[in-house]
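**Student:** Letter by letter, the chains look like this.
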Amino acid sequence: MNKVLVPNRGEIAVRVIRACKELDIPVVAAYSEADIRSLHVQLADEAVCIGPPSPLESYLNIDAIVRAARETGCDAVHPGYGFLAENDRFAERLEKEGITFIGPPSPVIRAMGSKIQSRAIMKKAGIPIIPGSLEGSDDVDEIMKAARKIDGPIFLKASAGGGGKGMRLVLDRTNLESLVREAVGEARSAFGDGTIYIEKYIESPRHIEFQILADSHGSIVHLFERECSVQRRHQKVLEETPSTALDDKLRKRMGKAAVSAARAAGYRNAGTVEFMFGKNQEFYFLEMNTRIQVEHPITEFTTGVDLVKWQIRIARGEELDFRQEDLVQRGHAIECRIYAEDSAKNFIPSCGVITLLKEPWGPGIRNDSGIYEGWEVSPYYDPILSKLVAYGENREAAIKRMQLALDSYVIHGIETSIDLHKRILSNDTFIKGETYTSFIEAHQDEILGSPDSVPVEAFIAAALAEELGGAGVTLRNETALERPTPWHYVGKWEIGGGR
Amino acid sequence: MNKVLVPNRGEIAVRVIRACKELDIPVVAAYSEADIRSLHVQLADEAVCIGPPSPLESYLNIDAIVRAARETGCDAVHPGYGFLAENDRFAERLEKEGITFIGPPSPVIRAMGSKIQSRAIMKKAGIPIIPGSLEGSDDVDEIMKAARKIDGPIFLKASAGGGGKGMRLVLDRTNLESLVREAVGEARSAFGDGTIYIEKYIESPRHIEFQILADSHGSIVHLFERECSVQRRHQKVLEETPSTALDDKLRKRMGKAAVSAARAAGYRNAGTVEFMFGKNQEFYFLEMNTRIQVEHPITEFTTGVDLVKWQIRIARGEELDFRQEDLVQRGHAIECRIYAEDSAKNFIPSCGVITLLKEPWGPGIRNDSGIYEGWEVSPYYDPILSKLVAYGENREAAIKRMQLALDSYVIHGIETSIDLHKRILSNDTFIKGETYTSFIEAHQDEILGSPDSVPVEAFIAAALAEELGGAGVTLRNETALERPTPWHYVGKWEIGGGR
Amino acid sequence: MELTICIDGVEKQLDVEKKGDHYRFSIDGKEYRVSSGSLSNGALTFFIGNRSCVAYFSEGSGGRRMAMGGRTYSIESGENENHRGGTGASAHADGTVESPMPGNIIAVNVSEGDAVRANQAVVVIESMKMQNEIAAPVDGEIKKVNCAVGDQVNFGDVLVEIEPEK
Amino acid sequence: MELTICIDGVEKQLDVEKKGDHYRFSIDGKEYRVSSGSLSNGALTFFIGNRSCVAYFSEGSGGRRMAMGGRTYSIESGENENHRGGTGASAHADGTVESPMPGNIIAVNVSEGDAVRANQAVVVIESMKMQNEIAAPVDGEIKKVNCAVGDQVNFGDVLVEIEPEK
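Chains as they are written, first to last, in our numbering: chain U, 1 to 499; chain H, 1001 to 1499; chain W, 2001 to 2166; chain R, 3001 to 3166.
What the hints contain is simulated information worked out from the structure, not anything from laboratory work. Treat the hints with care, since some could be wrong.
Claimed, not checked - Some but not every residue of chain H turned toward chain U, in silico, with C-beta under 7 Å:
hint : residue
1    : Arg-1018
2    : Lys-1096
3    : Gly-1362
4    : Glu-1393
Claimed, not checked - No more than 27 Å apart at the CA atoms, straight line, and that leaves these computed lysine-lysine pairs for DSSO-like:
hint : chain 1 : residue 1 : chain 2 : residue 2
5    : H       : Lys-1422  : U       : Lys-3
6    : R       : Lys-3030  : U       : Lys-3
7    : U       : Lys-345   : U       : Lys-422
In this text, a Cβ means the ideal position worked out from N, Cα and C, and glycines have one as well.
Chain U on its own, in the form it takes in the complex:
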């Protein structure tokens, strides 16, 4: 492997670029015009523009990315997560071009990308799957027939998509037919495919996933679980490991199932087996993520294994130099995803220039960040700014460390989810470890309610700055940070900057 192209952005591009540099492999950032001043572009050895801000024209533009790899002499591509990371056509194209895709082979991506196909593979391999219809249908009668085969509450889900579209929870069967009709119609209009499948509804479910590493020499290990039940808008907000729901016996069983799942899928590289975990400790295969996860750092903290470096090392043919029995979970790690959003106002995204930034640091703190002071958060991409991770000897220590880290995290210029995280971490139910996927919804009054009253120290500080300081107060202000800056030549320099 001589040179790696990273057609991604933000904190994960920074993470991947660091890993390449640590392995002494030159690395090229493939960036959109909107990202010319982004941190990952500055950290890469080279940077090449692949198109306009719109993702379809840049980070999702397979032709432009392949061209960029050719032009810069890259013989490998690390896709990060999101964008083309789980796109089997992209992986296949690279395979055809003779460029190493740092991830699993394209047929594996394709199979795992289909809910129906992946469930069929897992069922065959003896992995528990959620009872339901393996084969979907867009025929209302067929779906009704399949529904009758399963007892109790069920979920209707669209085969082609996610994000809640075409999804219906059926607790009471009296209006089943109209709900099926709605789901088919919604799926058809959202994804151009009305295929609906049925799943047994699991009460108070948790989302627990297992990290997998599989090399090209037949060795597959799991690196224990991550508990990802705290979600909003079907997106993870906070993850931790170990899960408070597992004991060693259960952990071993699920880990074994995850390794079997990876083996059944013919897996290679880093991947994640997601399980739905029910009230009675039953677990079901949900899906397999064929890429690095956002939440990988908590596993790195507790196992000491560098997952991103291993992705690259596996892709260049290296053998895993440890076995399952060498891996030990040590301590506890928590990740908070810091989003650019106004969590209290229905999580609406927030963008603008970061006028002030103070990032947490200290023992047991890792902040995988993609931002800097003076940089502008643009409306084109995912609102993730950074991932703050805290490690402690145990869960209590990790929570406390994270609380102190969040208290020291200052981001001005945009709204963020920092306060949301602080409230989650001080919530009694969370502290008890009772985290189900419904957690945020169930506690929204405490978690998203209005803030505490303003303490007197704040009034004193404001008085000192506003009144006593008068004109002499040196406030940081956006003008000084803004691009273009007061520098006379900047305007001209920016011309064609994105090309």
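Please arrange chains H, W and R on chain U, whose structure you already have, making use of the hints.
**Tutor:** Chains H, W and R only, in chain U's frame:
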């Protein structure tokens, strides 16, 4: 334990204050007038001034510290390292006042503080000590007599002190008497005590130490070794763990010896057993440090144990919740001590306002820092600014990570040892792990020689800023950072600020 | 000296008196000894009694902000009568619906003349790959629609105007 | 345009030409395409060919500094004839010995009229708990001793003056 006083400063005060906060114990910084704007003062729950900048009047002023503890209602004191951390009279005074000293009992500090007494204890316990005269003398004839009992090269060392004063290496015995005379005279004038003892000279020695934790319930464990051979001016510059010189068998033997040493000393709390390690894998007890070490973070990274929190927990009577067999060394960690000094100019100290600061961060990086942008490094105290620590799956990965971190570390306004560290880390002998206490001296031409030529990028950058920017270039400048600031009222506010 | 400070919409009266090397603040009948203030590089440090405090200040399009003790506050200047109650406010009681973010219009659910209820979604904006429903602030009738599907809008653009019900 | 830039005492001629949306630099006969420059908050970002570069600037009592690619440079302005060769320079060829640091004088080894050799320690200063020997820059005779044991000295204070040997 209700409230902890920290009569220390800089990065170790920051570390201790964090540990107290993580344990939910209120913490008070006892600071000198020179430190009113220091980071540790800002992080503490309360802060109380204990005197003028001169250490004798503040951080070494036992009466002022005890008074500060009384006034703020502290029932415990964490001394950090340096200053009064190994002062048995301070520990004894606190014991008498009914204030918990977070460290070992005062008689242990006293015994381990005496080279002669500590060697006698260790010899009795069967720990190997360097051949030499256990009892020192200030009588030239007595010393000559003792010297004749040991074969080969010897060291003359002052009983009362360190730092090279009163120390003489005797390779050739022809002028032994005059060397003894010099040593006695020098020790007398430096420490008021001319007592000299003799030690066998160990060729190509390494400095390897073992971390100890001992609770008050009889449990003592070691947390493996730290290799601290890279030194300048008899001060450690870079530490790492594991040591490249030890195999598992030797590690086990030395660990056992360290635990025995701690037990023989009647030890309690965190401590370090220092060994001299010779060419033929022989090791000798050197001394016991009865406090937290500067280099403790590398042990925290590889064992997952929080040493500073355990100091506090042991002091409040908690039992260690793990045994020796639970402890595993995982991965490799390196620490670089970032000093305020001009390493290339005979390590002369450097002080002034920090006009620009960019601190390293990222996976596996921990920077225990006591500084911030705009803060002034004063001439009164130790020149340590921060401790940069890098963790990796193995030594090679840790070195590479540290190199990249050092490359991203920017400190303007003062000179630092950052460049020295970069040169050490890229030195072939260091990379091979051949680190002896003479390392820096032996490689000073490569390590302290003139820098590489200025790359063309630097000229382009300077041209852009200096010429094209013209008056419009927004340079950070000291005026804006300086105290007193442009704020009109600052001058008045500063009056009496230190009291 | 009497000062009026407004933070996050809450107004407080502060009485400040200079006492040699420190200041005495009186707030809600309580007294505070404030000393050793220093402002440098956007950071204010000072002591309240024995406690060292640090506050950071910034100014941007969203107004003045102060960070302190793990929270961010909006600072309104004393003269400003129109207190902002927070951030990202996108709708006015007068029926003007402004975009709370830059993004793409992906749905416009209303036409001129339609009757709407408060909290009814009138427009959907996609920003940062998320769809955000923008709701009517009041009951009323749609007076004007200023956007169409596919439009790129910016922070503060007026999307829809509503004639509030009397 | 011709520019002369001096970094760490090394002077270089740069030829700069504006070419539409970028600049062309010629240095030592080689050409560099420099584009997309931007300066903000003390940080300069720009591209040389495909490589994004970042440089940070500061100005303090020690002069102008630039940080780039893991190194810190001293920048001398083109007009300045007196190029500084580095930092912490404490002795002049004319025999003036200045303090390279603030600290306490703990020893003065010479008196007026003494003959000294270059590199001979004339004064010892304690700073940051370390003892630092300050050496004579030239052979010569001590003309004046401006400090005594126990004195607190500052950066740049003249400690000793030496009449250089001819």
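**Student:** Could you tell me which of the hints above the structure violates, numbers in ascending order?
**Tutor:** 2
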